[in-house]
Structure formats: structure tokens, C-alpha cells
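Participant: Assemble the complex: chain A is given as a structure, and chain B must be docked to it using the hints.
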Amino acid sequence: MDVFEAIKNRRSVRHYKPDPVDDDTVAKVLEAAHWAPSWGNTQSWRFIVVRDAAIRAQVADTLRLVRVDNEWVENAASKAIKQAPVLVVICAEKGRAGYAPDGAPVTDKGEYWYMFDIALAVENLTLAAYALGLGTVIIGGFDAVKAAQILEVPDDCRVVTLTPLGVPERQGQVSPRKKLAEVTYHDKYNK
Amino acid sequence: MELFDAIYHRRSIRKYKPDPVDKATVEKILEAGRWAPSWANTQCSRFVVVRDPEVKTALAESLMKIKLPDRELENPAAKAFRTVPVVIVVAAKTGTAGAKPGGGFTTDKGDWFMHDTALATQNMVLAAHALGLGTVIIGAFDAKKAEAALNIPEDYRVVVMFPLGVPDQEGKAPPRKELSELVIRDKWD
Chain A
1 MDVFEAIKNR
11 RSVRHYKPDP
21 VDDDTVAKVL
31 EAAHWAPSWG
41 NTQSWRFIVV
51 RDAAIRAQVA
61 DTLRLVRVDN
71 EWVENAASKA
81 IKQAPVLVVI
91 CAEKGRAGYA
101 PDGAPVTDKG
111 EYWYMFDIAL
121 AVENLTLAAY
131 ALGLGTVIIG
141 GFDAVKAAQI
151 LEVPDDCRVV
161 TLTPLGVPER
171 QGQVSPRKKL
181 AEVTYHDKYN
191 K
Chain B
1 MELFDAIYHR
11 RSIRKYKPDP
21 VDKATVEKIL
31 EAGRWAPSWA
41 NTQCSRFVVV
51 RDPEVKTALA
61 ESLMKIKLPD
71 RELENPAAKA
81 FRTVPVVIVV
91 AAKTGTAGAK
101 PGGGFTTDKG
111 DWFMHDTALA
121 TQNMVLAAHA
131 LGLGTVIIGA
141 FDAKKAEAAL
151 NIPEDYRVVV
161 MFPLGVPDQE
171 GKAPPRKELS
181 ELVIRDKWD
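Protein chains in written order, with the working numbering: chain A, 1 to 191; chain B, 1 to 189.
Extracted from the complex, chain A is given alone in its bound form:
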């Protein structure tokens, strides 16, 4: 699939078929993620591939509830995690991205470069999945500490985002985007 086609037509998918996704396909998607650039080539990303339905359900329950008509209901993404055969949990090794070799943070962003590097990899992951006919939805709104306990993630890593990986039952909708002119400036911010 053409790069621009993938970038423009990828959607966040919240409804999945239970159809299987084989290990080779998962490996292709993760390989694409791993080819993202990273701070000083630190490659701080780690991927947990969860197929176990019980573990997926436990992680799904760490998502925030959403309020609909004054009632708290399960997030559509929680259902998606239970439906899709694979859940990818993306973790970051702490103290790598954004740090000098002597262990001191380099910039005013401090430790938060792990958020940046993880997202470079996650964008590749979602594009690659789409090109292979699979859906994803990047989820950040969950209790990461609980998820880390469920997945037995060691203290030197943090859970950052999750995505189900599976065959879309229906394509996601296009979220309206701001016009390019609304987000672009020339030479300086006020121009």
C-alpha cells in the first residue's frame, strides 16, 4: 500500500471480528514499529503481545468508563480489546530516551521523551496494521499502574499505550481535522 494512502485512510477501529491473526502478521507489524527512529537509537520500546483472553479482559477493565446519558458505561475500546484476538501493550524502558549517557535528563521535557519515542513506533505500528488489512485504536486512557501489575511489567518499564489488533468488523469514522492553515505558521508563530 502507498504511504500516503495508508496515512490518509487509516482509522481508529473499535469493532472487531474474532478472526485469528497469525504470529507472522503480528511480527510484521511489530517489525515496522521497531524501525521507528529513537532518541540516540535507545529503542526504549517493549511490546507485550497478549493473546490470552483472560488477561485481555483484565487489561480491558483498566480502561476508564465513559458517561453516556448520565450513566457510566464500558468504553467501546474495552469491548474491542475483548473482541480482537491480539492486544499489543506498548511499554517504555525508563531513563533512556532524553537522557545523557551520564544519566541526566538533557532537555526541559525531562523523562517525557519516552512518550515521544513510543509514539513514533506506535504510528508505524498502526500504519503497518492498516496496510495488512488489520485495525487498531491507540488507547491511552486506562490505569497504567494496574495494567503493569496485571502484566507483571518490571519497575524499570512503564506501560504507555495499548491497541487491539484484529480484523475490523466495520471501519472507523473519519474524525474531522482542523484545516492545514489552522495548524501551520510560516517562519514565526504569528505569521
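Hints are computed from structural coordinates only; laboratory data are not their basis. One or more hints might be untrue.
Straight-line alpha carbon distances no greater than 25 Å define the calculated SDA-like cross-link-like pairs of lysine to any residue that follow [claimed, not checked]:
hint, chain 1, residue 1, chain 2, residue 2
1, B, K93, A, K146
2, B, K144, A, G40
3, A, K82, A, K146
4, B, K79, B, D108
5, B, K177, A, K17
6, A, K17, A, G133
7, B, K145, A, A100
8, B, K79, A, P37
9, B, K93, B, K79
10, B, K15, B, K172
11, A, K82, B, K172
12, A, K109, B, D108
13, B, K15, B, W35
Facilitator: Chain B only, in chain A's frame:
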């Protein structure tokens, strides 16, 4: 260009030709950034297209020096900033990605602007590569200096910058860990 080709063959480019890059090409790249997903579609990413040589120089001067035991070297990206016709600055409106409607943030990560600007940045570096242009994502600079040079308002932050131009080198792929070193099945142990 085929997506996987772009993902596997994009390299960080530090040497550029001074050849021009036209406005339509820059727009195609920004358009790719604009289509990245974002937290609840908050779209916090902003792009500053810098062509003015004085502003480019100011940005080059904000880059951190490389410290050697006996001296400091200019970051090779600083030279690239002066050579290329365009530097793209990726900034973020703070207090939107990951924010609660009533104030404060939803998760233990606080503001998700670092995450969402990276989703957009990755699309842009892939798009640039597909169009035959080089980039290198730079995060190690004095953001206060860069923000001053660009008149960035207080509720916005500059996150990364990248030169955009015709490569004058074959970039090298830095060695990657084996995928098996990074992938865990079901639970960590």
C-alpha cells in the same frame, strides 16, 4: 512509495544539498502530519515552516553541543539547518491531549503532547522519505531559545525540529536490537 519500503528505508539524514523544496511538497508532508491520530481528536500539533535564514540560524544556535572530554562540537544537525531550504518545527498546544474537561489530566502521564506530536512527526518523516527528501528529528535543543526565536505563545511548547531537504549522503541504519529482545508474550515473565 510502498509503506513498508518507507518504514524500513527511512534514515536520519545529517548532510543535505542546498536544492530548493517547493511549497506544494512541504504541504504534502504537513498534510501527512495533520492526518495522524490524536488523543480524543484534540489535534494539539502545530507546524512552523521556517525558510527565513535568520530564524533558521537562530534555531541552529539553540541546538545542544556534543560534549567530548576535552571540547565541545557543534551538532552536525546545526550545519544541516543552515544548508537546507526548510526547517519544520513541531510545536504543541499544551493542556489538551490527555486533559480532563474540568481541568487536570486523565492519566499518570500528565499532558500527552509528547505522544501526539510524535504520531504526527513519524507520518511527516515517512512522507518526506517517500518524496525523496531527508529529515532528522532533533530533540536536543534549548527549547526556551527556540520558542523565543519563533515567538511561540506561553501555552505552546516546541517539541522537535527537523531539517527538510535533498539528502547529500546515504543514511546508515543504526543497529537494531533483535525483535525477540523486545517482545514479551502475554506476561512479562
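Participant: Could you run down the list of hints and mark each one as holding or not?
Facilitator: The hints, checked one at a time:
Proximity of K93/B to K146/A is assessed by CA-CA distance (about 29 Å); at most 25 Å being required, the pair is judged violated. Restraint check for K144/B and G40/A: the C-alpha separation of about 22 Å stays at or below 25 Å, so the hint holds. For the hint pairing K82/A with K146/A, the CA-to-CA distance comes to about 17 Å; that is within 25 Å, so the pair holds. Straight-line distance between C-alpha atoms of K79/B and D108/B comes to about 38 Å, which puts the hinted pair past the 25 Å bound.
A distance of roughly 33 Å separates the Cα atoms of K177/B and K17/A; the hinted pair therefore is violated under the 25 Å criterion. Proximity of K17/A to G133/A is assessed by CA-CA distance (about 12 Å); at most 25 Å being required, the pair is judged to hold. In summary, the hint linking K145/B to A100/A is supported, as the alpha carbons are separated by about 20 Å, within the 25 Å threshold. Distance check on the hinted pair: K79/B and P37/A sit about 21 Å apart at the alpha-carbon level, within 25 Å; holds.
The hinted pair formed by K93/B and K79/B fails the criterion: a straight-line CA distance of about 29 Å is larger than 25 Å. Distance hint between K15/B and K172/B is fulfilled; the C-alpha atoms sit about 12 Å from each other, no more than 25 Å. Taking the CA atoms of K82/A and K172/B, the gap is near 41 Å; set against the 25 Å cutoff, the hint is violated. Simply put, K109/A and D108/B have alpha-carbon atoms about 16 Å apart, close enough for the 25 Å limit, and the pair holds.
Restraint check: the Cα-Cα separation between K15/B and W35/B comes to about 28 Å, which exceeds 25 Å; the hinted pair is violated.
The structure does not agree with the numbered hints 1, 4, 5, 9, 11 and 13 stated previously, though it agrees with the rest.
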